[in-house]
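From first to last, the protein sequence lines are chains A and B. 76 is the number that this note's numbering gives the last residue of the first sequence; the numbers go up by one with no jumps. 1704 is the number that this note's numbering gives the last residue of the second sequence; the numbers go up by one with no jumps.
Just so you know, not all the hints are guaranteed correct.
[Unchecked claim] Here's a subset of chain A near chain B, in silico, CB distances under 10 angstroms, partners left out:
#1 Gly11
#2 Arg23
#3 Leu29
#4 Leu32
#5 Ala36
#6 Arg64
[To be verified] Some residues of chain A that are not near chain B, with every Cβ distance over 10 angstroms (derived):
#7 Ser7
#8 Leu8
#9 Pro9
#10 Val15
#11 Arg17
#12 Gly20
#13 Asp24
#14 Gly75
#15 Val76
Bear in mind the hints are in silico, worked out from the structure with no lab data behind them. Predicted model, so just to flag it, every value in this text is computed and none were measured. Quick reminder that beta carbons are idealized off the backbone N, C-alpha and C, glycines included.
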Amino acid sequence: MDRSLFSLPEGSVGVVRAIGLERDARRRLMDLGLTAGARVTSLFSAPSGDPRAYMVRGSVIALRRQDAAAVTVAGV
Amino acid sequence: MGLTLRSVGRGAAKEGEAREGPARLTAALAGNPNVGKSTVFNGLTGLHQHTGNWSGKTVLTAAGRFELGGCSYALVDIPGAYSLRASSAEEAAARDYIAFGGADIVVVVCDAGALERNLNLALQILEVTPNVILAVNLMDEAKKRGITVDTAKLSSCLGVPVIPMAARKGRGLSELKRAVADFSPRPYAYTARYPEPVEEAVNALEMALENLLDGRLGARFTALRLLEGDGRFLDRIDEFLGFPLRENPEAAAALERAREILRNAGIGEAEVGDLLISGIFACSEKLCRQCVRGPAGYGERQLRIDRLLTRRATGIPVMLLLLALIFFITIKGANGPSDLLYALFNRAGEAMRRGLVTVGAPDWLTEALISGVWRVLSYVTSVMLPPMAIFFPMFTLLEDLGYLPRVAFDLDAGFRRAGACGKQCLTMAMGFGCNAAGVVGCRIIDSKRERLIAVLTNSLVPCNGRFPILIALITIFLVTGSGAGSSVLASLALTGFILAGVAATLLASWVLSRTVLRGQPSSPTLELPPFRVPKVGEVIVRSLLDRTLFVLGRAAAVAAPAGLLIWLAANVRVGGVTVLRGVTGALDPVGRFLGMDGVILTAFLLGIPANETVVPIMIMAYAASGTFQGYESVSALGELLRANGWTAVTAVCTALFTVLHWPCATTLLTIKKETGSLKWTVLAAVLPTLMGVTVCALVAHVFG
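Produce the complete structure using the sequences and hints provided.
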């Protein structure tokens, strides 16, 4: 089932399907490894719930809600 | 914090040029942020580029050298980049150096634990030049996580030397030196292949460009950039080539043919860029499947610590506790050494006075030297040195550990609501070390608007020159006594003043992003690196030598003439009134309005070259105008302040004004250099001063 990366529960893994952001922002995330087919794990959130930390291709990156919500992932 | 000789500019270039003679080869050191690039650079060159466990540490390009077998090799440390598709000023600098800088070799430093992501950059660099050495660093850290990299296999796959390293432990450094020394230029190495029909289009364009470029720029690299259509970088390429490439009929025709191949396959111009990124990652995945073994997950223990540091119930409290704990240790630990240094300086001063009298020096000279110069120097050293010497290493340990990015992560929401970038938290943290370094550090912020906000608000957090002022004010006047209880109170008070600075930063950012710097907050890339065990011994030595002594030296250089000036001002009379009394008297009404007095304001004005001198100048000015005979210890100086009309309100207002006033001269010059604008520099001075004036006037009138 496809869902947004932001709605992926802590501790679960998703596979990137698409990024619904404008060109520069999209390529920025892709360059960090969020290309179609990449596995992403939702790890933990900041005190206010935003941003959240995700593991992708061996490193941990923080994404703000507006970005994470634009990434579509498939559950594993 | 990044306060070193290098980061404040002086001597940054000189160190590299110090050793004579031309280098046999120049190697550029590239890599993702936070892969230990600076550690590798320091290990190779023996220089002391400041390192920290967070992204974006290298904001200045540094140059150094190493010798091997009688030859000299030049090394250029370029800013960290995730990709050559630059999205920040730093990445653009890295990309331009790799593409146009003319280095003979590019050493790409990679994190063994995140090779798949790191290879994105490495494979892009291989598109620029085959003369690459891959340094796979952090092998030890990866091994702890159960990850192993078959570097021999990777080397045969890529066709370039691959050196396994653990630079923090010194492993792999000599092998890397040897690899650079033994390097011979090669005609080709691994090239990332894109899926058809992209590959077909690239090949067609590449062949047409070959003649035009004449070997000055990689044809394949240029073909990819043309297809991707990044206008800004294509302009840079034109600049480098000296002719407009896109307007060349041959190139334009070839580009059109290549685009047609793609169009026929249903690929639009806008999609090409995305396909190139996915293509590189597909190659990277394939390489990693062959050469990397191990789990891709996050360690359980690491995750537990991270959750503790970021959860709603514990994240912020743990941060405040840590801050208060550091201040507690600083205040408690600085107490004794301060008094000891003070006593030693006093005794030395008296001995010198006797000496001067014995050799028959005139009275005025003895007084000017001992009561003027020497006394201010001894205040600067005894009041300022001990807290710095304790605070710096502790802060550096937290930095090395990787805690700062977690703080930025926790505080991101605040900065987002203020319309600023979450990374501003990192530059704010650098400001604790030195606001000038913090201002330079703002280069890590991608958006120009948010970078300006970070620059303008940086001096709202007290730097290492200012927070000992706070410690001095608190321990000399507000919370006296040396018991553990009073140290706890003192550290809480200090934490409060620091938080006031953070609150002021957020407020000022909020105001700026709704007035002169209007706009939407952009999305920062914040990486959270794994925790690393700090090298305690090295941290202590480095923070003492690089930071404390440097700052102290600068303060002393200012303090000595300031002491002389104050002594002269207190002893030269114009129309029956000493100059000092005249100046402080003139400023007194303004000072009183702000809950302080004329002497305090004079001290802040004279402290512009170095804030460390504010309290010593203040004490000197009071002492010089009265019958001050010197006190037994630093803590006893409270009596002097009380005798000059100080109350708790005076101390609080002075502390608040310490946090909120104009930046020091070095910071102002740096802001001018970084923004290139007098207007922003003036605003950077006016903004905190206005805030300080408002807050102090309020406090003075509500509680005074």
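Hint check results:
Restraint check, Gly11/A versus chain B: the minimum CB separation of about 9 angstroms is within 10 angstroms; hint holds. Interface hint at Arg23/A: satisfied, since its Cβ lies 7 angstroms from the closest Cβ of chain B, which is below the 10 angstroms cut-off. Annotation: interface hint on Leu29/A holds; nearest CB of chain B at approximately 8 angstroms, less than 10 angstroms. With its C-beta approaching chain B no nearer than about 6 angstroms, Leu32/A sits inside the 10 angstroms limit, and its interface hint holds.
Annotation: interface hint on Ala36/A holds; nearest CB of chain B at approximately 6 angstroms, less than 10 angstroms. Contact between Arg64/A and chain B, as hinted, is supported at the beta carbon level, the nearest pair being about 5 angstroms apart and thus within 10 angstroms. With a least beta-carbon separation of about 18 angstroms from chain B, Ser7/A lies farther than 10 angstroms from that chain, consistent with its non-interface assignment. Taking the minimum C-beta to C-beta distance to chain B, about 14 angstroms, the non-interface status of Leu8/A holds against the 10 angstroms cut.
Once the 10 angstroms rule is applied to beta carbons, Pro9/A is consistent with being away from chain B; the minimum gap is 14 angstroms. With a least beta-carbon separation of about 13 angstroms from chain B, Val15/A lies farther than 10 angstroms from that chain, consistent with its non-interface assignment. For Arg17/A, the requirement that its beta carbon stay farther than 10 angstroms from each beta carbon of chain B is met, with the minimum near 12 angstroms. No beta-carbon of chain B is positioned within 10 angstroms of the beta-carbon of Gly20/A; the least distance is around 12 angstroms.
At roughly 6 angstroms, the least C-beta separation between Asp24/A and chain B is not larger than 10 angstroms, which violates its mark as non-interface. Residue placement check: Gly75/A keeps its beta carbon more than 10 angstroms from all beta carbons of chain B (closest about 17 angstroms). The Cβ of Val76/A lies farther than 10 angstroms from every Cβ of chain B, with a closest approach of about 13 angstroms, so its non-interface assignment holds.
Violation of the numbered hints given earlier is confined to hint 13; every other hint is satisfied by the structure.
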